[in-house]
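**Student:** Sequence:
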Amino acid sequence: IPIKVEEAFKHYRYVPYTALTHAARSKAFLRGEDSSFVFTQDGLTAKGLDRSNELTITTVDWVAAAKAAEERTLHHWGEARASALVSHH
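Note that our numbering has the sequence shown beginning at 3, numbered continuously upward.
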């Protein structure tokens with residue numbers, strides 16, 4: 003999972019499931035987009051996660067992404083929140 007996605011889970015921020023697909027993770031790795039920050043004229047700025055294609059995620063990718071989200075939630079936030087997410091799914 004790319005660092006910026008892991009950081010979002012760690013800080014209990016919204017993560018689009020399209021960011022958890024195998025294709026998105028591979029693309030981030032190949033492009034070197036693992037950084038959570040980008041240098042701008044104003045200094046160091048946090049990069050957001052791309053939400054543009056959220057509604058086009060396939061069922062297969064959604065199921066895999068949901069499982070990854072459940073695992074990362076359990077890792078960072080424990081059984082109670084992970085169970086709530088599983089129930090939500």
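Treat the hints as calculated values from the structure; they're not laboratory data.
Treat the hints with care, as some may be off.
Here are the simulated lysine-lysine pairs, DSSO-like style, with alpha carbons at most 27 Å apart [unchecked claim]:
# : residue 1 : residue 2
1 : 69        : 6
2 : 29        : 12
3 : 29        : 69
4 : 12        : 69
5 : 29        : 6
Have a look at the derived ranges for each label pair, beta carbon to beta carbon [as the list claims (entries may be wrong)]:
#  : residue 1 : residue 2 : range
6  : 81        : 52        : 29 to 37 Å
7  : 82        : 25        : 29 to 37 Å
8  : 54        : 81        : 27 to 35 Å
9  : 52        : 91        : 29 to 37 Å
10 : 80        : 54        : 30 to 38 Å
11 : 55        : 82        : 12 to 20 Å
12 : 53        : 90        : 25 to 33 Å
13 : 73        : 25        : 16 to 24 Å
14 : 66        : 5         : 16 to 24 Å
15 : 29        : 85        : 25 to 33 Å
16 : 55        : 81        : 26 to 34 Å
17 : 89        : 16        : 30 to 38 Å
Ideal Cβ placement from N, Cα and C applies to all residues, glycine included.
**Student:** Can the suggested window of 27 to 35 Å be confirmed for the beta-carbon pair residue 54 and residue 81?
**Tutor:** holds, 33 Å
**Student:** Holds or violated: 25 to 33 Å for the Cβ distance of residue 53 and residue 90?
**Tutor:** At roughly 18 Å between Cβ atoms, residue 90 and residue 53 fall outside 25 to 33 Å, so the hint is violated.
**Student:** Regarding residue 81 and residue 52, is the given constraint of 29 to 37 Å on their beta-carbon distance met?
**Tutor:** holds, 30 Å
**Student:** May I ask you to test the hint 30 to 38 Å on the CB atoms belonging to residue 89 and residue 16?
**Tutor:** With Cβ atoms ~18 Å apart, the hint is violated.
**Student:** Can you let me know if the beta-carbon spacing of residue 73 and residue 25 is within 16 to 24 Å?
**Tutor:** Holds, at about 19 Å.
**Student:** Holds or violated: are the alpha carbons of residue 29 and residue 12 at most 27 Å from each other?
**Tutor:** holds, 22 Å
**Student:** Does residue 69 sit within 27 Å of residue 12, going by the straight-line distance between their CA atoms?
**Tutor:** Holds, because 16 Å separates the two Cα atoms, which is no more than 27 Å.
**Student:** Checking one constraint from the list: CA of residue 29 to CA of residue 69, max 27 Å. Satisfied?
**Tutor:** holds, 20 Å
**Student:** Take a look at whether the Cβ-Cβ distance between residue 66 and residue 5 falls inside 16 to 24 Å.
**Tutor:** For residue 5 against residue 66, whose Cβ atoms are near 20 Å apart, the range 16 to 24 Å holds.
**Student:** Just to be sure I understand the hint, the distance between the Cβ atoms of residue 55 and residue 81 should be within 26 to 34 Å; is that true here?
**Tutor:** holds, 31 Å
**Student:** Between residue 55 and residue 82, does the beta-carbon spacing fit 12 to 20 Å?
**Tutor:** For residue 82 against residue 55, whose Cβ atoms are near 31 Å apart, the range 12 to 20 Å is violated.
**Student:** Can you let me know if the beta-carbon spacing of residue 52 and residue 91 is within 29 to 37 Å?
**Tutor:** violated, 22 Å
The structure fails hints 9, 11, 12 and 17 (numbered hints given earlier, in ascending order).
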